[in-house]
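There are 2 protein chains.
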Amino acid sequence: MTTFEYDDDTAVARQQDGTYRGEVTDRWGAIGGTVNGGYLLGLCTRALQHTLDRPDPLVVSAYFLRPGRLGPAAVRTDVVRTGRRVSTAQARLVQGDKEVLRVLAGFGDLSTHQGRTRVDSKPPELPVPDDCVDVTGGRSLPGLSIVDRLECRARSVPGWVQGSPSGDMTAEFWMQFRDGREIDVLAVPSLVDCAAPVVLEDGAMGSSTIELTVHVRARPRPGWLACRVSTSNVMDGLHEEDFDMWDSDGTLVAQSRQLAMVF
Amino acid sequence: MTTFEYDDDTAVARQQDGTYRGEVTDRWGAIGGTVNGGYLLGLCTRALQHTLDRPDPLVVSAYFLRPGRLGPAAVRTDVVRTGRRVSTAQARLVQGDKEVLRVLAGFGDLSTHQGRTRVDSKPPELPVPDDCVDVTGGRSLPGLSIVDRLECRARSVPGWVQGSPSGDMTAEFWMQFRDGREIDVLAVPSLVDCAAPVVLEDGAMGSSTIELTVHVRARPRPGWLACRVSTSNVMDGLHEEDFDMWDSDGTLVAQSRQLAMVF
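In order, the protein sequences belong to chains A and B.
Residue 123 in the numbering used here sits at position 94 of the first sequence, and the numbers go up by one each step.
Residue 265 in the numbering used here sits at position 236 of the second sequence, and the numbers go up by one each step.
Just chain A, same shape as in the assembly (with noise of 0.2 Å):
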């Protein structure tokens, strides 16, 4: 059986009542060296997945407390209340003695139609994948090892990639794993959270995420992912980051945002 890198690195293991053991590997480095922040909040998705025993992340808040390491982690799990149609947990992901990312978040099923539906937001009119260009240039930095899990393809490759950052705070692109994994609901949380920072294009050296919020909003087709990302407001330091995902067939998957330092 084939095994991806995602399940493999964001697998946990039940020790004892709500506590799951798992393990940060160095396949998901950031810019700066860092470990991605959506990818620990994986570990704790998956966790609270576990728990909850209902199969969709509907609304998911982590709030970043200090970097993750490489090496164990414990992810401490609590059921704050089973729901008719949501429930809620909260998860705690600990390294050594330190709370690193603390997460509140409420599960369901998405695939119950049930109520209104009206969709206004429309998604990115980008050329299909085989038409746009890899976001990286081809270039590849060190510890930078998160762009070896996700390919990106946008129009051209950013501003900033090519050391001329361009203004403009949106970026466009498609998005799958390079080792076929299709995105599901539960990587949804961590991807929305994978993609450099469009504040990157304003001559920022970096952003380092103080909170996140994602509403899963539908089950994705396979397939490449279509995500609009974009920062509005940079206020003293800090700014807001929307990203936006459709699935293949046109369908919002995701809509996120987080509030971020610059560096």
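These are computed hints drawn from the structure, not numbers from a lab.
Treat the hints with caution; some may be incorrect.
The list treats identical chains as one, so a pair stands whether inside a single copy or across any two.
Stated by the list, open to error - Derived lysine to any residue pairs resembling SDA-like cross-links, with alpha carbons at most 25 Å apart:
1) LYS127 <-> ARG114
2) LYS151 <-> CYS161
3) LYS151 <-> SER195
4) LYS151 <-> ASP163
5) LYS127 <-> ASP107
6) LYS151 <-> ASP197
Given chain A, put chain B in place with the hints provided.
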């Protein structure tokens, strides 16, 4: 000394380490006879400010678990991490033995202006408040006491108030407390959940918040606040609602988003 309704009704008294006692009053009744969730969040925000001893909520995430009830409430707070720029804590609002609301929040100091600033969002272009009308259209509804606390003024009375929903799920209006209390950072996390949901313009009867996250971006100047609310996507009865707020100088004060369920 004059006291204001919002301050009286969100007052919390420290009981023992990290626990506060407050009272849920009948002055913040919302559509459907429920207690407004923003008001309940105000009790938590106030307790968190005491606990963290930092002036400004930077980001607050609230998970609404059950309807609040009139009468006593306990707010149990725990400090998660005291950081250099951001300190993080959790609050649980409990009534009887039931948890009603769980909150994570990061507090800091918005008077410390440091780092990059670039604001692309624009406030709504509204006529001055004197040239706008009260959105209630002068009507009052039994139990809907919150409209006696807060005044919202728009270009015209919303369609749903007049019995003919417009289909336009955006709204722009001015907001202030009716008793003259200025809106400050502490009130902001309440107020982004205090207006009528814009899904009412799509024919919904109401909406119940599952999760709300607000980024407070600046301390507001005194005076009316300009608000823009919008919902773009209702899917299977779940919808997001974005609520942005600017002060009288045109400074972006807050951006919030919630996931809610229509009824």
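Hints, verified against the model:
1. For the identical chains of this complex, LYS127 and ARG114 are inter-copy neighbours only, at 18 Å across copies versus 34 Å inside a copy, given an alpha-carbon limit of 25 Å.
2. In this assembly of identical chains, LYS151 and CYS161 lie within 25 Å of each other by CA distance solely inside one copy; the values are 20 Å within and 32 Å between copies.
3. For the identical chains of this complex, LYS151 and SER195 are neighbours both inside a copy (24 Å) and across copies (21 Å), given an alpha-carbon limit of 25 Å.
4. In this assembly of identical chains, LYS151 and ASP163 lie within 25 Å of each other by CA distance solely inside one copy; the values are 23 Å within and 33 Å between copies.
5. In the homo-oligomer, the alpha carbons of LYS127 and ASP107 lie at most 25 Å apart both inside one protomer (18 Å) and across protomers (15 Å), since each shortest distance falls under that limit.
6. Taking identical chains as interchangeable, the C-alpha atoms of LYS151 and ASP197 lie at most 25 Å apart whether they share a chain (20 Å) or sit on different chains (17 Å).
This entry satisfies every hint, going by the numbered hints stated previously.
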